[in-house]
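Visitor: This is what each chain is made of:
Number of protein chains: 2
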Amino acid sequence: MQLPGQEEFEVSSACENVPTGEMDSVPGSDPSPDGPLDTGSRDLRVPKDPLLFIQLNELLGWPQALEWRETGRWVLFEEKLEVGAGRWSAPHVPTLALPSLQKLRSLLAKGLVLLDCPAQSLLELVEQVTRVEWLSPELRGQLKALLLQTPQHLIQSTGTSPCQGSAQPREASHDEEAPLKKQHQNPLKRKLPPEAEAGAVLAGELGFLAQPLGVFVRLQEPVVLGPLTEVPLPSRFFCLLLGPPTLGRSYREMGRAVAVLLSDPQFQWSVRRASTPHDLLAALDAFLKEVTVLPPGRWDPTARIPPPKRLPAEHKRLPSQLREAKSPSAQRGALAEDRHGRGPHIPNPELQRTGRLFGGLVQDVCRKASWYPSDFSDALHPQCFSAVLYIYLATVTNAITFGGLLGEATDGAQGLLESFLGTAVAGAAFCLMAGQPLTILSSTGPVLVFERLLFSFSRDHSLDYLPFRLWVGIWVATFCLVLVATEASVLVRYFTRFTEEGFCALISLIFIYDAVGKMLNLTRAYPIQRPGSPAYGCLCQYLGGNESQWTSTKPKDRDDILSMDLGLVNASLLPPPECARRGGHSRGPGCDMVPDIAFFSILLFLISFLFATALKHVKTSRFFPSVVRKVLGDFSSVLAILLGCGLDAYLGLATPKLMVPREFKPTLPGRGWLVSPFGTNPWWLSVAAVLPALLLSILIFMDQQITAVILNHAKYRLQKGAGFHLDLFCVAVLMLLTSALGLPWYVSATVISLAHMDSLRRESRARAPGEAPSFLGIREQRLTGLVVFILTGTSIFLAPVLKYIPMPVLYGIFLYMGVGAISSIQLTKRVQLLLMPAKHQPDLLLLRHVPLSRVHLFTAIQLACLGLLWIIKSTPAAIIFPLMLLGLVGIRKALEWVFSPRELFWLDELMSEKERSIPEKGLEPEYSFSGSDSEDVFTPEVVLWFNCQMLSHLENWNSGAGLEGSWPRPQSPS
Amino acid sequence: MQLPGQEEFEVSSACENVPTGEMDSVPGSDPSPDGPLDTGSRDLRVPKDPLLFIQLNELLGWPQALEWRETGRWVLFEEKLEVGAGRWSAPHVPTLALPSLQKLRSLLAKGLVLLDCPAQSLLELVEQVTRVEWLSPELRGQLKALLLQTPQHLIQSTGTSPCQGSAQPREASHDEEAPLKKQHQNPLKRKLPPEAEAGAVLAGELGFLAQPLGVFVRLQEPVVLGPLTEVPLPSRFFCLLLGPPTLGRSYREMGRAVAVLLSDPQFQWSVRRASTPHDLLAALDAFLKEVTVLPPGRWDPTARIPPPKRLPAEHKRLPSQLREAKSPSAQRGALAEDRHGRGPHIPNPELQRTGRLFGGLVQDVCRKASWYPSDFSDALHPQCFSAVLYIYLATVTNAITFGGLLGEATDGAQGLLESFLGTAVAGAAFCLMAGQPLTILSSTGPVLVFERLLFSFSRDHSLDYLPFRLWVGIWVATFCLVLVATEASVLVRYFTRFTEEGFCALISLIFIYDAVGKMLNLTRAYPIQRPGSPAYGCLCQYLGGNESQWTSTKPKDRDDILSMDLGLVNASLLPPPECARRGGHSRGPGCDMVPDIAFFSILLFLISFLFATALKHVKTSRFFPSVVRKVLGDFSSVLAILLGCGLDAYLGLATPKLMVPREFKPTLPGRGWLVSPFGTNPWWLSVAAVLPALLLSILIFMDQQITAVILNHAKYRLQKGAGFHLDLFCVAVLMLLTSALGLPWYVSATVISLAHMDSLRRESRARAPGEAPSFLGIREQRLTGLVVFILTGTSIFLAPVLKYIPMPVLYGIFLYMGVGAISSIQLTKRVQLLLMPAKHQPDLLLLRHVPLSRVHLFTAIQLACLGLLWIIKSTPAAIIFPLMLLGLVGIRKALEWVFSPRELFWLDELMSEKERSIPEKGLEPEYSFSGSDSEDVFTPEVVLWFNCQMLSHLENWNSGAGLEGSWPRPQSPS
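One line per chain: the protein sequences are A and B, in this order. Position 710, counted from 1, in the first sequence is what UniProt numbering calls 710; the numbers after and before it change by one each time, with no gaps. Position 431, counted from 1, in the second sequence is what UniProt numbering calls 431; the numbers after and before it change by one each time, with no gaps.
Hints are supplied without guarantee of correctness; some may be wrong.
Identical copies go unnamed one by one, so any copy, or any two together, can satisfy a pair.
[Claimed, not checked] Here are the simulated lysine-lysine pairs, PhoX-like style, with alpha carbons at most 25 Å apart:
#1 665 <-> 189
#2 103 <-> 289
#3 839 <-> 191
#4 48 <-> 839
#5 48 <-> 189
#6 630 <-> 839
#7 289 <-> 110
#8 803 <-> 630
#9 829 <-> 80
#10 289 <-> 873
Since the hints were made in silico from the structure, they are not lab data.
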């Protein structure tokens with residue numbers, strides 16, 4: 001038996017014994033029953049039956065003017081003709097009445113079943129079909145004429161209302177050729193795959209028939225039956241159900257039953273292979289065995305059920321003989337699924353230890369080398385262009401934010417210019433060399449905090465910062481190389497949701513806290529003018545005025561200032577800027593007051609936050625075409641910044657703005673680009689730097705590798721494998737480079753990298769109305785990242801534009817990101833559960849399997865850890881944060897004494913709930929994934945922010961609506 | 001045959017030949033299959049089968065320790081035991097596999113069926129059940145022992161996790177008596193009606209049985225079977241399904257099938273009356289005929305379907321013989337439904353012309369007289385207390401708003417004090433006398449506009465306003481009495497949605513426009529301090545200073561002011577209030593500037609709007625117990641006002657506040673309470689007043705009567721009938737009174753009245769998990785209204801508190817109401833459709849039956865009318881607004897030439913969609929009714945606002961989620 005993944009072994013045969021990651025990414029668990037059409041996985045699947053378009057033509061108008069009218073159509077779901085509205089209904093799950101299936105069975109049992117009918121045209125088919133012995137020749141003639149009559153399709157009558165009540169005249173189309181033209185223009189034709197076949201079901205009451213007539217035909221070769229079906233596809237199946245008008249609409253219902261049966265993949269599979277009429281009935285019976293029955297008193301049979309997010313997995317449904325026929329791909333899919341089902345317990349093959357020095361690195365290089373040419377050729381797709389624009393904006397915003405914060409933290413030793421330059425150089429180099437080129441490198445919060453502490457230390461001990469920092473960088477790079485050599489990256493798999501959520505919640509809270517705190521600081525800098533506050537206390541005094549008189553009267557208290565007699569000459573009431581322009585001096589307690597700024601800043605803050613939030617929701621609204629929605633949603637934060645800047649510019653108030661450099665040179669005056677190795681520091685400092693370097697190494701390692709694990713998660717179905725060791729190696733080399741040039745340090749940025757991948761995801765096109773597109777994988781290549789960083793490098797010249805961005809707007813965007821991150825983790829959901837009465841709690845899988853009290857206990861422990869972290873980060877002990885990270889892993893280990901493995905499986909597992917989930921209506925509808933989370937520009941505040949949005953994504957997969965499932969929901973049409 | 005409504009004929013026999021309205025309020029169309037339990041409609045229903053609680057006890061643990069465990073329970077819907085979580089699942093629609101039903105059928109066909117088994121205890125029952133001939137005595141003994149074993153119920157193990165993985169020890173309860181105590185404490189027991197019966201289903205694999213054992217027992221008398229069921233109800237049915245463990249879990253599935261069958265009302269009905277085992281099988285077959293079948297490839301059978309908003313109507317389901325057995329109530333219900341189905345085309349009997357002078361009034365008085373005592377006794381319910389508080393707050397806010405606007409419009413001729421006094425007097429009198437005492441009287445927008453125009457006219461022509469107004473009032477009262485005498489109220493039925501939506505949209509837009517406009521006016525009154533604006537140009541000059549020097553230098557332009565040399569003595573920089581206190585004069589261009597007010601006002605405006613909106617949504621969120629949610633939702637606007645006031649008070653800024661009188665006397669100085677009949681006006685003005693009175697009469701008539709029609713809509717199931725003529729009579733009399741006292745004029749206020757009714761609605765208690773409470777009617781009485789208005793009268797002494805309300809907060813509430821009103825009408829939904837791609841449009845019934853182009857045409861015509869109305873209201877022609885109202889009715893009539901009757905039926909009909917609707921999942925989920933709309937305090941702006949929220953309510957009925965249907969939705973648990 002062929003081993004799973006063997007094809008890929010051959011691809012990467014240049015380096016033998018290299019475990020591949022592709023086994024995990026076999027798209028065999030594709031929820032679409034007919035599999036993706038994308039070429040990327042073509043070779044992994046056996047040929048399948050073509051998709052079937054089924055159309056129900058109903059005979060209407062008896063006994064007056066008989067006509068055929070298409071009243072229903074099926075591909076995966078049913079669409080019903082809304083006769084009055086002249087439109088197709090929304091696709092919905094077809095429902096049947098059991099008696100119509102039973103009546104159909106008995107009609108087919110005694111009817112005419114033609115398997116492999118050799119008819120080549122509609123005429124021949126009609127000839128065959130009407131060869132029923134009990135039909136008199138006259139009746140046969142009438143019937144033939146009727147069957148050859150052109151049916152009315154909706155495409156023929158679009159926009160007109162065919163019912164009697166309509167005020168518009170009906171458009172009659174009796175031209176024999178016209179329908180075919182219109183058939184070819186049918187938009188459905190473009191949607192269906194070219195190999196699709198049609199099935200025509202004709203049903204209705206016909207008065208001149210003495211007894212019911214049931215005919216089922218499978219054509220030997222599919223034949224285009226002229227205007228019989230609305231889409232000019234070759235028909236494979238033909239079914240005729242006519243009878244005397246005694247049974248009401250039951251023929252129509254039987255017709256629907258045939259159509260539903262044919263749209264069922266398993267019935268279709270059986271009928272395509274049936275050799276006797278008995279096989280047909282057996283297939284129908286097999287179908288009946290599997291139907292879901294809803295009781296009549298509890299479910300209105302006329303209710304329309306919207307298409308489920310996920311269809312039942314076909315391989316679980318098929319009986320064993322069929323399953324065998326589908327091997328090996330289905331089996332491999334199931335195998336891969338099983339492996340994923342056990343999730344992180346079985347590590348990626350990339351994370352398995354080789355035992356040789358640099359063994360992992362060598363493996364990584366070998367694995368990636370074979371893909372290198374395709375890493376450029378695979379980028380030739382228009383999707384990559386939009387990805388570049390999107391990630392470029394995120395990267396630039398990120399560089400601005402970090403640049404500003406770094407400049408502040410290091411007193412200008414690194415600034416905005418260094419941030420741009422470093423981002424461009426390091427990012428581009430990483431995209432060219434790294435194991436996972438989809439990664440976007442960036443400054444991150446934890447590193448920023450570390451740098452801030454390092455700078456404070458240097459300043460407090462009068463050290464030359466940049467040379468000291470260079471040595472820290474050298475040591476970190478050394479340690480990282482040791483970690484690469486010893487294959488330490490394999491340890492990362494011990495991180496679980498517990499740890500990551502704790503940090504994520506902390507970072508999000510700090511984000512929110514800082515955003516609000518900075519706003520409140522602004523109101524202190526620009527105080528609000530309460531009645532009686534000294535807004536008016538400012539005079540403009542010109543030279544030559546009696547200055548001594550003013551300054552000599554030292555006020556004792558505030559009241560004194562205000563009531564002080566002035567007795568001035570040569571003074572005016574000019575506002576300070578004007579006064580200075582005219583050569584005067586502004587004097588008085590109110591001269592520093594700038595009114596209106598405080599409230600305007602709060603307004604800008606709120607407006608940018610609310611506007612970004614609102615735009616994010618546009619993406620999942622019903623309004624506008626999907627392109628517009630996607631743009632508005634993807635660029636929500638950019639648009640919110642633009643709105644804030646516009647408002648600010650319109651009113652022209654002196655709000656605090658983003659400070660930007662005006663020249664291309666190191667921000668610190670007087671230093672060259674290359675950092676001198678010692679500067680004014682003593683020589684032994686290069687050795688002492690080993691201590692901070694140890695802590696920083698832990699931080700860099702974790703920050704980098706957890707992100708890498710997330711990006712290489714099996715759920716992304718990456719084909720080209722990961723490169724954990726190679727990535728860390730690249731980070732170490734870049735560490736050396738940036739330290740030498742005095743640029744910021746860079747590691748993988750989770751949020752932007754995920755956004756990058758999200759913007760490059762490949763989805764199957766919907767081939768049928770109501771079908772959700774299925775996720776196929778990521779467009780893995782190196783070009784998008786490279787272009788993004790080249791563009792970032794050239795953006796240094798944009799600096800003069802950036803000074804128009806008011807700080808309150810940026811704070812608003814921080815708040816938006818903080819709220820978005822904290823609302824996306826499962827911890828938040830569990831905290832919300834604390835506020836919900838049990839009966840209103842959402843039907844989370846978690847709650848089905850773990851007692852509520854245990855869920856609350858887990859939540860409480862996480863909150864306690866969060867509180868502890870908050871306390872530590874607020875004290876000078878913040879430098880031990882990297883160790884805290886390890887400590888939390890220990891706490892998680894200790895939890896195994898408190899919770900059973902089953903409970904931890906549900907509470908703490910990072911694995912997708914996909915395999916174990918029951919794709920259920922009403923399950924977490926409000927927690928569903930919104931891809932726009934990931935467009936957030938990544939800005940830091942204190943520590944380990946990197947975990948946050950990762951969890952947002954992972955969580956959302958867990959709710960069955962991740963990359964693979966973020967499509968048509970009631971509120972979020974795609 | 002008994003006529004529908006005959007009981008009520010007898011009740012009102014004092015006045016013969018009076019058509020009653022009760023026929024319309026027969027609750028026969030109750031969606032709950034078992035009918036409401038409320039006493040209000042008890043006499044109208046035949047006795048029904050008791051509700052059945054069905055429990056599935058599954059035999060687990062074979063072959064080790066056998067134990068019975070309750071794993072499922074049913075009343076209307078299924079609840080499944082989440083074994084791991086130790087909780088009941090959310091109630092869901094039960095789904096079955098067809099084979100389990102078929103297996104069950106064959107098992108029962110050859111099994112033991114005991115109908116009317118006389119067993120009196122579990123022991124006797126077990127004795128009977130085990131009398132199966134093929135059981136050996138030994139097996140029989142084992143089986144008996146097993147059946148007598150106490151089953152595990154969830155109530156016994158709440159909070160513990162019964163699975164092996166749990167870290168908590170399992171609580172074993174083997175005490176024979178303890179379960180019974182716990183059974184009585186079961187919360188489900190309190191929920192179920194006292195007459196409910198139980199059905200116990202025992203199923204599982206039993207290895208020592210050689211063949212399957214199926215027993216179905218209907219007990220002669222229901223017997224409490226000890227701890228067999230979790231609720232200590234007498235059991236009526238008992239079913240035992242055991243067999244060798246060869247079929248997997250199929251016995252459990254068969255047990256579920258029996259439970260689902262028993263929970264089906266029709267199956268239960270049949271089985272309760274079955275006399276032979278054949279009847280049982282026939283009932284099963286009848287069930288199968290009606291089931292809904294979902295195809296296996298398109299629906300995951302394990303998915304849980306949440307309970308539908310509405311269950312299928314039972315009388316539509318039942319075959320004819322059952323339907324006959326249910327008469328007369330079901331037939332009457334159907335009849336009433338049919339009548340409602342044709343909606344406004346058949347007017348209420350109260351709106352049928354008698355042809356006699358004052359015939360309608362006499363009828364009304366007669367109809368209401370018989371209910372008068374009950375109008376007070378029916379108020380003895382705690383619900384009335386909360387209704388009083390709620391409506392009182394709305395009424396007071398309303399009185400404040402209208403008082404302020406009227407005072408402004410009439411230059412103090414009427415003010416806040418008159419508004420309070422008039423509201424109290426007129427409202428209380430109306431509640432005591434009127435035909436529809438649920439109506440809340442109020443000033444309304446249209447009348448306010450009219451009064452404003454009337455005052456302008458008086459002022460422009462130097463007339464004495466109040467005497468002139470008195471004559472207008474006298475004439476209006478006269479005209480209204482003529483309208484009462486001629487029974488003109490019957491004409492109101494020609495109003496349709498088209499007309500009302502036009503006005504509603506207009507009023508909402510004016511609300512929004514004015515709220516925003518007033519805010520912008522504030523920013524002009526308190527200008528923003530841009531850089532260079534003269535914020536600093538203010539000095540405080542004391543007496544004795546060289547004033548002439550200051551004032552003599554007349555500045556030529558702004559620049560001059562600023563640069564002017566001062567040369568002052570005795571001046572200081574004190575802010576103006578402080579300066580005035582110390583006896584100085586504030587001088588300079590900046591003294592009138594109050595900084596920070598503009599932006600703070602905008603903030604208050606936004607905060608009160610957003611907070612009220614957010615609180616409104618709390619009502620339908622999952623958080624907090626329902627009481628808290630209801631309070632937060634109901635008082636959203638009051639809480640938002642309080643928040644705004646708190647913020648304003650905290651910061652202490654000089655925002656503009658609501659101005660209130662401080663003394664109890666007419667606002668206009670120098671007038672007594674009684675208006676002199678002529679004043680300074682010439683005598684002929686009393687005759688000339690007939691002209692404005694004509695227009696005002698049209699307005700009053702329409703404003704009053706359309707509201708009355710809405711309040712008496714059949715959907716409210718009012719029992720005591722309407723009183724259109726009596727209501728108008730009361731309004732006319734109050735018109736006289738308020739004109740004579742110089743108080744505002746009052747008519748019915750739609751929004752508050754609907755809120756009043758909404759707060760008094762009677763609903764059936766949910767008797768089963770997942771059941772939506774059904775609407776039973778309104779608590780019709782006169783006391784709540786009366787108390788509200790008495791409280792309003794005493795609120796005049798609250799005036800000193802009211803001056804703390806900042807105007808921006810009130811503007812924010814206006815915006816909230818305007819947005820709420822405009823987003824609630826169907827026009828808005830149709831305008832939204834213009835922005836939606838066709839495939840994302842919601843599955844509205846409208847769109848199923850009318851072509852999209854026709855829907856858009858109708859929308860466009862409405863928008864054109866709206867534009868025309870906007871233009872007219874913006875010109876001095878606003879006084880012809882009452883005529884415009886009639887004009888719009890004409891346009892609607894003309895539409896009958898453009899649209900077919902069928903299209904107008906769907907586009908314009910006011911009738912409920914209830915009868916013609918398909919209660920469908922996903923139908924308008926986001927447009928569903930939120931009862932909190934109606935808590936909006938009713939405030940005016942220009943014209944005919946009264947229609948707005950009415951449409952909100954009507955719309956929401958149309959979407960099947962009105963008073964009768966505003967319960968458990970995915971996002972809105974009740």
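Visitor: Could you run down the list of hints and mark each one as holding or not?
Guide: Hint check results:
1. 665 <-> 189: For residue 665 and residue 189, the Cα distance exceeds 25 Å both inside one copy (60 Å) and across copies (79 Å).
2. 103 <-> 289: both (16 Å within a copy, 11 Å between copies)
3. 839 <-> 191: between (43 Å within a copy, 14 Å between copies)
4. 48 <-> 839: Result: close neither inside a copy nor across copies, 45 Å intra and 29 Å inter.
5. 48 <-> 189: within (20 Å within a copy, 55 Å between copies)
6. 630 <-> 839: Between copies, since 16 Å is at most 25 Å while 36 Å is not.
7. 289 <-> 110: For residue 289 and residue 110, the Cα distance is within 25 Å both inside one copy (22 Å) and across copies (22 Å).
8. 803 <-> 630: Neither: 29 Å inside a copy, 48 Å across copies.
9. 829 <-> 80: between (39 Å within a copy, 23 Å between copies)
10. 289 <-> 873: For residue 289 and residue 873, the Cα distance exceeds 25 Å both inside one copy (61 Å) and across copies (68 Å).
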